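Starting from the known structure of chain A, fit chains B, C and D with the ligands onto it as the hints suggest.
Protein chains in written order, with the working numbering: chain A, 1 to 368; chain B, 1 to 511; chain C, 1 to 339; chain D, 1 to 339.
It should be emphasised that the hints constitute simulated quantities derived from the structure, not laboratory data.
Bear in mind the structure is a predicted one, so any value in this text is a computation, not a measurement.
For the chain C half of the interface with chain D, some residues (derived, Cβ under 8 Å), not all of them:
{"#": "1", "residue": "Arg129"}
{"#": "2", "residue": "Leu133"}
{"#": "3", "residue": "Asn144"}
{"#": "4", "residue": "Gly145"}
{"#": "5", "residue": "Val146"}
{"#": "6", "residue": "Leu278"}
{"#": "7", "residue": "Pro314"}
{"#": "8", "residue": "Tyr316"}
{"#": "9", "residue": "Asp319"}
{"#": "10", "residue": "Gly323"}
{"#": "11", "residue": "Leu326"}
{"#": "12", "residue": "Val327"}
{"#": "13", "residue": "Ala331"}
{"#": "14", "residue": "Tyr334"}
FRET-style restraints, in silico, Cβ to Cβ:
{"#": "15", "chain 1": "C", "residue 1": "Asn20", "chain 2": "D", "residue 2": "Leu201", "range": "48 to 58 Å"}
{"#": "16", "chain 1": "B", "residue 1": "Asn314", "chain 2": "C", "residue 2": "Leu201", "range": "34 to 44 Å"}
{"#": "17", "chain 1": "A", "residue 1": "Arg210", "chain 2": "B", "residue 2": "Arg113", "range": "48 to 58 Å"}
{"#": "18", "chain 1": "A", "residue 1": "Leu199", "chain 2": "D", "residue 2": "Ala176", "range": "43 to 53 Å"}
{"#": "19", "chain 1": "C", "residue 1": "Leu29", "chain 2": "D", "residue 2": "Leu201", "range": "48 to 58 Å"}
{"#": "20", "chain 1": "B", "residue 1": "Gly108", "chain 2": "D", "residue 2": "Val112", "range": "24 to 34 Å"}
{"#": "21", "chain 1": "C", "residue 1": "Leu29", "chain 2": "B", "residue 2": "Glu54", "range": "35 to 45 Å"}
{"#": "22", "chain 1": "A", "residue 1": "Arg210", "chain 2": "D", "residue 2": "Leu201", "range": "35 to 45 Å"}
{"#": "23", "chain 1": "B", "residue 1": "Lys340", "chain 2": "C", "residue 2": "Glu102", "range": "49 to 59 Å"}
{"#": "24", "chain 1": "B", "residue 1": "Arg113", "chain 2": "D", "residue 2": "Leu185", "range": "28 to 38 Å"}
{"#": "25", "chain 1": "C", "residue 1": "Lys152", "chain 2": "A", "residue 2": "Asp170", "range": "22 to 32 Å"}
{"#": "26", "chain 1": "D", "residue 1": "Asn207", "chain 2": "B", "residue 2": "Gly108", "range": "17 to 27 Å"}
{"#": "27", "chain 1": "D", "residue 1": "Ala176", "chain 2": "A", "residue 2": "Asp147", "range": "53 to 63 Å"}
{"#": "28", "chain 1": "D", "residue 1": "Asn207", "chain 2": "B", "residue 2": "Thr89", "range": "20 to 30 Å"}
We put the beta carbon where it would ideally sit given N, CA and C, even for glycine.
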Amino acid sequence: ACTNQQPSSQEEEPEETSEETAAEETAEAAEETSPEQTSQGSDAEIPAAVDQPLKIAAIMEFSTGTFASQYVSGLEAQVKKFGGEVQIYNANNDLSQMANHLQTAINQGVDGILIDHGRAEALNQGVEEALEKGIPVVTFDNDITADGVTAISQDDYSLAWGTLKQLAQDIDGEGNIVYVWAGGFTPLERRNVIYEAFLEHYPNIEEVARFGSVSNNTALDSQNQMEAVLKKYPEEGSIDAVFAPYDEFAKGVTRAIQQAGRDEIKVYGIDLSDEDLQIMQAENSPWVTTAATDPAEVAGVQVRFLYQKIAGEETPSIYALDPSVVNVSDLPDEPVTMADVGQHIEGWGSPNAARSPWMDALEAKNAQ
Amino acid sequence: MSLLQVQQLTKSFGPVDVLKQVDFSVEPGEVHALLGVNGAGKSTLVKILSGDYEKDDGSIQINGEEVHFTSPSEAQAKGIAIVVQEVDTGLIPNLPVVENLTLDLTVGGKNSRPISWKKRRHIARERLAKVNTHIPLNQLIEDCTLSQKQMILLARAVASEAKIIIFDEPTAPLSDHETKQLFQVIEELKTQGIGMIYISHRMQEISQIAERMTVMRDGKAVAVYETGKVSSEEVIQTMLGKQLHKADYHHRKISGETMFEIEHLSVPETGKQVSLTVGAGEIVGVAGLVGAGKSETANAIFGVTNAKGKWFVNGHSVSIKSPRHAVNAGLSFIPEERRKSGVLIDSSVQENLSLPALKSFSPAGWINRKKEHQSALEQIEELGIVTSSPKALLKHLSGGNQQKVSIGKWLNHDSNVFIFDEPTKGIDIGAKNDVFRLITHLADQGKGILYFTSEFDELLQIADRILVMADGEITDEMQNQEATEARLMTAAAGGNAVETVEYQRLSAARP
Amino acid sequence: MKQLNISDYPQQDLKERIVNFFMKFGTLLALGLIIVFFSLTNDQFLTYGNITDILRSISIVTLVAIGVTFSMIVGGFDLSVGSTVSLATVASGALLVWHSQELLVVLIVPLVLGALIGLINAFIVVKIRIPDLIGTLAVMYIINGVHLTYTKGYSIYGNMPMPDGSGTAPGIFIPAFQFIGQGRLFNIPFPVILMVVIVALVHLFLNYTRAGRLFYMTGGNKEAARLSGVPVNRYRTYAYVISGVFAALAGIVLAARIGTGQVSAGDPLLMDGVAAALIGYSVFGAGKPNVIGTFVGAIIIGILLNGLTMMNVPYYAQDIIKGGILVGALALTYFRKKE
Amino acid sequence: MKQLNISDYPQQDLKERIVNFFMKFGTLLALGLIIVFFSLTNDQFLTYGNITDILRSISIVTLVAIGVTFSMIVGGFDLSVGSTVSLATVASGALLVWHSQELLVVLIVPLVLGALIGLINAFIVVKIRIPDLIGTLAVMYIINGVHLTYTKGYSIYGNMPMPDGSGTAPGIFIPAFQFIGQGRLFNIPFPVILMVVIVALVHLFLNYTRAGRLFYMTGGNKEAARLSGVPVNRYRTYAYVISGVFAALAGIVLAARIGTGQVSAGDPLLMDGVAAALIGYSVFGAGKPNVIGTFVGAIIIGILLNGLTMMNVPYYAQDIIKGGILVGALALTYFRKKE
Ligand SMILES: Nc1ncnc2c1ncn2[C@@H]1O[C@H](COP(=O)(O)OP(=O)(O)OP(=O)(O)O)[C@@H](O)[C@H]1O
Ligand SMILES: Nc1ncnc2c1ncn2[C@@H]1O[C@H](COP(=O)(O)OP(=O)(O)OP(=O)(O)O)[C@@H](O)[C@H]1O
Ligand SMILES: [Mg+2]
Ligand SMILES: [Mg+2]
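Bound conformation, chain A alone (with noise of 0.2 Å):
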């Protein structure tokens, strides 16, 4: 009901921005569009289209972890703080499903649709029949590049180059590491290549086991896992750190290392939940680094980009968000949650991009 000049505007902006190649670039950009669109913008009028209560879809192909969790309730939180509601779509690690969930939000005539993960391939057709429909869609961590579909993501490329370089400095560019991994995850799949890069850049650091799976039990299965390969390696020093790219594998390589007392082990992760920071911060934790961004900040950009387009506002076709790397170093020694993150990781989070002048006075709105 709301987008019709939508598509217009979209098709102008993504020249510009994509020769903005450099994702650090782009957001910084986007960062900057802010401020303009204040004088551009209508000082502060909420637009119609979005000044109603909207229907959101939000299309996930999994929900397992705290990752998940958080970027939910960010989604939720954003999304009731401009007065609509959104609907979790849940492929539970179905792909076919995430399709068909697709469909469904489609028919359901929402206002406009969140893809959370999932391939191009399942979803291109969703996604050019919701556009061709009017709706407009912002996905994250998915390599649909349809146009007008603006993607976010979390930069699986710079999280796995963060910590591992963090790593490397560690160790000291010389070492046996342990590395934990699974295929069939497209984040993971992401990782994996700066991982293999990675070796190759260092070579005297060597990958003496690898193990790994994702089931409903991953961070357990790690945990069984690490424990036979800490048995295999018993001298000390035989392992220096084990690279866990997925908090669910941290935590079952920082349980099994802890129980196994052989604190001499570091551990390097990627995301990070509340859960995550508990076990970091625990005293002599082996969980030393991990590159994440916030989720719920994640869910916050994607929801805000979604309600610009709705508006008929530009908005970028790529946007990924500044990962940082979080040493527990440079944490202090109370306990933190991830909403004061911020105050000691610089650059954790960036609570203002994408955002409109308008968005706080619908904020503000709805909040009475």
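Chains B, C and D with the ligands alone, transformed into the frame defined by chain A:
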């Protein structure tokens, strides 16, 4: 006062009255035999006494005390033990002998102390010794022979210190030697004042050990006799409710051509060899007591079990390794256990009737349902099957009608030889006559009939020639005219039968 | 014709007739009520688009469930179908992407693999006589392992980097292949057409051909069928092979639908396939596996999923409803059955 | 005393004796070979630390498998154990973290829930007479839904932000609780002690108490057991309740071990539990469910996982080996069985 006094006992299953106001009593130290044709209600009576079924009406008194059992354990508590007819319903197949022998200690034991298997083994050994048997205690029941199972049940009943012990056809699977041992045990029990109910079809045995006998017919206790004061003929006549006339048999003219022949068929379960011939249009009966190995032989002939031997149909040698081969060779088989292997009770009458000859209804693989339906209607008409429609499920038919279907399904098929195994089991007298009519009709068309049964009177009624089987082997052969109940019985009991040359030869050949 | 024996068919009293009615039509009634309920609560529910979407969403499950139905008809059970779907999905993906094969090869190889798995199952269940549930469970493990080992745990998508690091995969998911999962004929999704045609064919096959009848006879009473000359072991083997082939077909459609050779993609289909086939028992009071019932079962599951999702019921709460419907349908089938 | 009938007990020829030997000891032999192989390829395999680790890693599966064994002993099957584990894990997590309950409550409530699920299963299977596999499958769905609905899909950990946004949860996983999963007594992990004690107790219970034997009788021949005065339906009910309680216990240990009320954490345990119980059939040629066999089965699975991980074999290839071992063990049990 009697040990057990049953008065006016009544029981029905649905619309069928199985027991009609039965009076019955047992004195201490007495063996009281129960006689009656198949289906007379003997097992039902004793199942009520042992708490398996609940009575509908009437009274049961033990030592003058009125009892009403709703479960087997209540009967056990009142001192009634039973050696059941179907041994497998009394034993746990995947548990060892020792445990099955001491089942009562597990079920009824009161103390909560741990089980001592050493003690149990000791008890089990003692119990077996009481019945003069030895069976490896750790052997699983599923690896036991039928007679071993029977002895275990016996040992358990004897050990139960019951006041009343019921034996339901205990000797059916036992050898002569084991039967003697059983009788010794029974004599011993008599001296202890234990009352016993003894069901058997073997007149000899009954006159040997029973004090009194009650004859049942059609759910009623029709007479009580004291043994020795009555002739076997009289008892049999009371049992059947009529004089047994061979007059029922009409001599039929048989061409003399051999239709079907088997030579040296080794039956795996019995370990014996069988040879026989069937002429065209001839009804050959195979008589034998329950457990003689008739079903095993019939199964082997039809290729159900992997038996070795030679088959000839119309003089041509055929190889039969599976029922499929047998069907293709023109054999038809009406097995004993109708519900288990004869018909498909969850399928319709029509589907059952068309099964063996399905090919003829589906020349191109596509079933001509009209033709199938039409043919089923004809069959139903011809065989007099009572059913609401050809589409009715077979399980909704009465037993006799199910049996007619089990036979009828072969009539579409181009068979030359029909093998019947106890075709009248569980069917009423009317249906029985229908079945006989059918069999005779088939024979009149020139088919060869092989008829296995333990109901000797049936053979006297329809068989042209009778073979007698005992312990898996054919021990006697006679034309219908030569046959008498007594001769059949002696031959079937195996003991002092006129042993055939073949029998001796085979026995000698055995290791 | 003989007269009806009255005592065999006693006059049914009202209560009994109601019970019988529910046993026969309870499931369909439930389906009807579900549809009415959803269309009242959501005006988008009964649109053409949504109906075809529901049908498309169940097409894969239905194919799996038909295979399961075959194994159930012969009195068996096949737990390996989910992993067979995964294997077929991965196989067609690998053929397209890693080996740039043409359409025919991409269709035939997975189907042959499915048939092969069926043969293995049959060998284990029919020949070695390991109970079906356990035997096919073991096969499920093995096939899961095989397909993951083959891909080294990677999912397969167009022009992916090769798992062994040897550059980029040469092939893509060609449009002709994707058509199987995503195309439309006369504005009807192709998988829906495929599903409906197959349901109809299988229904005809099972009810009007000799072979179909013999499948039922084998399952109805193995011993009696064998004694009537039916080669029961051969038909049991066929059933497992058919089950494998249908699972493989489902895997192909799945791969075409998602455009990815997703590892372990078939796992969730097992439970839904079995559930659909079981719900099918109660349709028209059949009391036995039947393909129309299976189809209805799949539709019920699909409609529930679609409608509940539209109503914003979280997916996990949907499991409760799915379980409840299953128990209800089964209670209809079994509660009145005496021993 | 009667003479042994020679033809009844034919002299076993060498081949038959070898076959019998393998049927009896094949599984243990395989276990032995596996151990020898791993200790040759890796000198760390047979260390005290590794052995206790293996035992600790199987402790949870073993508890689940014991429950499954009970349901199998009475001739049933319980597919809902995995979801019961999940529910118990979440329940103990929620009691600790959301409601700051004390240890006793945290232990008792999940066990009661497990017993309740057992009763539901028994009602469905014993009373409504829905076949065990299908009935417990439906219950599995329902429980999965219930526990996910309860937590809204969140996992539960100490001082987590509440899912409804009402601030931070008050409780944590208290050390006394964590001890159950992570503690050590005399340098032996507590769950290992728990497991060994329970295996021993259950073994004694099943073999040396009247009740234990009645379970076996019920499963061996329901009809004969009934005629011997065993209240078979009561024992079948007990078995499902025990199965539920053991699954709940496994859930508690799991929660204590991972320090989280992880949703769906129990799902993978179902298959491994069933596999362990089935492998157990073949141990000592028992041919029936037995707790020592189940324990051996769990050890085989645990050792395979540990040893293969040490050898750097990917987890998915391990599935192939697991499936192969299962088929092998089952073939030992079933191949020679006639009928
Ligand atoms: N559970 C039952 N339901 C229906 N009818 C039954 C049942 N049990 C027995 N009958 C019928 O009751 C009648 C008597 O059976 P019963 O077993 O008592 O006979 P019997 O005298 O022991 O015969 P046999 O000598 O063959 O053992 C038979 O017609 C039988 O079909
Ligand atoms: N379950 C069994 N275990 C061991 N041996 C058996 C078993 N059943 C039968 N037998 C053997 O096979 C022989 C024949 O048994 P069966 O009762 O089938 O004979 P039958 O002549 O067909 O009797 P029926 O009149 O009951 O049909 C018996 O002597 C017995 O030794
Ligand atoms: Mg009887
Ligand atoms: Mg017989």
